[in-house]
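K.L.:
Listed below are the residues making up each chain.
Number of protein chains: 2
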Amino acid sequence: MPELRRDPVIGRWVIISTERAKRPSDFTVVPEVRRPGPCFFCEGHEAETPPEVFALRENHSAPNCPGWQVRVVPNKYPALRIEGDLNREGVGMCDMMNGVGAHEVIVETPEHDKSLADLDEFHISKILWVYTQRISDLGRDDRFKYVLVFKNQGEAAGASLQHAHSQLIATPVTPKWVKEELVGARSYYEYKQRCIFCDYIKQETRLFTERLVMNTEGFVALSPFAARFPFEIWILPKRHMCDFTYIEGREFGDLANVLRTVLNKMRVALHDPPFNFIIHTSPFRRPRAGYWGTIEQDYHWHFEIIPRLTKMAGFEWGSGFYINPTPPEVAAQVLRDAVPEA
Amino acid sequence: MPELRRDPVIGRWVIISTERAKRPSDFTVVPEVRRPGPCFFCEGHEAETPPEVFALRENHSAPNCPGWQVRVVPNKYPALRIEGDLNREGVGMCDMMNGVGAHEVIVETPEHDKSLADLDEFHISKILWVYTQRISDLGRDDRFKYVLVFKNQGEAAGASLQHAHSQLIATPVTPKWVKEELVGARSYYEYKQRCIFCDYIKQETRLFTERLVMNTEGFVALSPFAARFPFEIWILPKRHMCDFTYIEGREFGDLANVLRTVLNKMRVALHDPPFNFIIHTSPFRRPRAGYWGTIEQDYHWHFEIIPRLTKMAGFEWGSGFYINPTPPEVAAQVLRDAVPEA
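Chains A and B, in that order, are what the protein sequence lines are. Sequence positions in the first sequence follow our numbering and run 2 to 343. Sequence positions in the second sequence follow our numbering and run 2 to 343.
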């Protein structure tokens, strides 16, 4: 009998197929042909991108020159434009505003042939730290309400370039799923006076551990109870923090290790699948106080990692009602058992 | 400058690229190789499917034998099972129930080589009428809250079989987007004491007509103001009705004509793209009365048709925040101008 499971935060029901659960061998991943470098994200080709907005450099190397480790540049084909006012206006009963926002590319390494999972823990720490710097910086611009940090790896996941990179989009509106998570987390807080994510982490590490992939000092990686996609994995900090930029210096290495290990486990178990990840963090300019609690108290940032193993059918595409052919317990078991290549 | 547009019903913001708007020639549709028949949906192969639950037959032909025009069979690989109780239960702080539901296939024609757009208006009327019959019948089962009727055409849209068919899934929960639309429609009704869809149709047919594709006696086809996808088209009845099964006999032909024409315009203008459609209708067992109005008064059924021209990137996949490269005004113009093949 298949199961219907409800996501505790936003209340979304998902169909989980429990019979004939799809295992990694049931998914076909078409290996992508590697295009050789150099490309314009490579070291020595800095002049071929728009001028950098941020870079982590050693030895006092000059901007837009070699010598960087992580480099942030504006997207050449931005979805939103950095200049201009919002000009909110009505169009009949509808609403619109100018597409003002930032769209940046975080080049994760100067080396063309390394993917994120190939980088060492210290280098991944630097990338994560760069995310925090960009989020904080963009937060100073009053026009923006949110920064979405995400990564597409592989053509099937929407990546047009193979050189390892992630992206961010700063938007003048709060994305819909963020609002949904905020509303869900707040209503749980009103009821329990506790963070729903903290409670969920405790449940999944103490009461049931079958969906757990990793459990370190500071972080857990797990396949969520109502996972929408096969092998969907969330990484959450065990310490309560609503905002990704609250990560402390001492915690970056731990998070980098968890992210690196999960990606390498996926690579081995699922044959290097295309994937996306997205960081769910709190919006800027959140209210300071509330009767029942604030976003500071009730929201909890996390990573969502989604390997692209299935096509979305019409039904899912148009309805937000997902059918997941791999129970999260099976996915977690497979990933727990996977041994990353040395 | 790109635009941010907000869907008036559910409040979702969408990025619309206005510069370099993508026109049909910017999308690559890989033509699908037709697999020759007969297949188990063909006339004469009725024994190869599960026994039919409904069929439109002439000349008193017997069930599960040739002589049908539209035939409904249970899905051989159902996402949900028809037998059993719901057994709602908690799993720690999470919720689950048995995956009870109906999953049926509506075989649209006995002929292997015809697609929905090839069928004549009268035959399409019959398919639409069959949808109403199946929805009404499943509504008598107290376990179900909703029936989703949808169609995947083309492999890229999730169809595993080429013989023309649509599907329905009856679920014991209301899908998330239905809830969102109901909440949005209700809050507009509370404010205005009018149906938001009726107002929207009037705006798009009287005030602005640039997004209009067709406007017949009973129906409009339009590309919505905040379309998520290029060439996304909605078909709405001009007469207020919350439920798809309220279509009157005299209206089937008009709707069939609009659906048929839109699909044929898409086929010509977009080179026979894979597509999905989904019917948005009201849930079963809706409250009879409310202080401000009922679903009867504030909701309005409609078709959403989505050609699959783009891949969803990670950002859209995980955030519900869409980037649409073709403004709906451009899409509507292209489809208005498209002349279906004779």
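Do not take every clue at face value.
One copy or any two copies: either way a pair holds, since identical chains are not told apart in the list.
Straight-line distance between alpha carbons at most 16 Å, and here's what the computed EDC-like set of lysine to aspartate or glutamate pairs gives [to be verified]:
# : residue 1 : residue 2
1 : 77        : 20
2 : 312       : 138
3 : 312       : 156
4 : 312       : 119
For the record, the hints were derived by calculation from the structure and aren't laboratory data.
K.L.:
Are the hints correct? Go through all of them and say.
P.N.:
Tested hints:
When the C-alpha separation of residue 77 and residue 20 is checked against a cutoff of 16 Å, the pair qualifies only between copies, where the shortest distance is 14 Å, while the shortest distance within a copy is 46 Å. In this assembly of identical chains, the alpha carbons of residue 312 and residue 138 never lie at most 16 Å apart, being 36 Å within a copy and 31 Å across copies at closest. Taking CA atoms no more than 16 Å apart as the test, residue 312 paired with residue 156 passes in both settings, with 14 Å inside one copy and 9 Å between copies. In this homomeric assembly, residue 312 and residue 119 never come within 16 Å of each other (Cα to Cα): the closest approach is 27 Å inside a single copy and 26 Å across copies.
In terms of the numbered hints stated before, the structure departs from hints 2 and 4, listed from lowest to highest.
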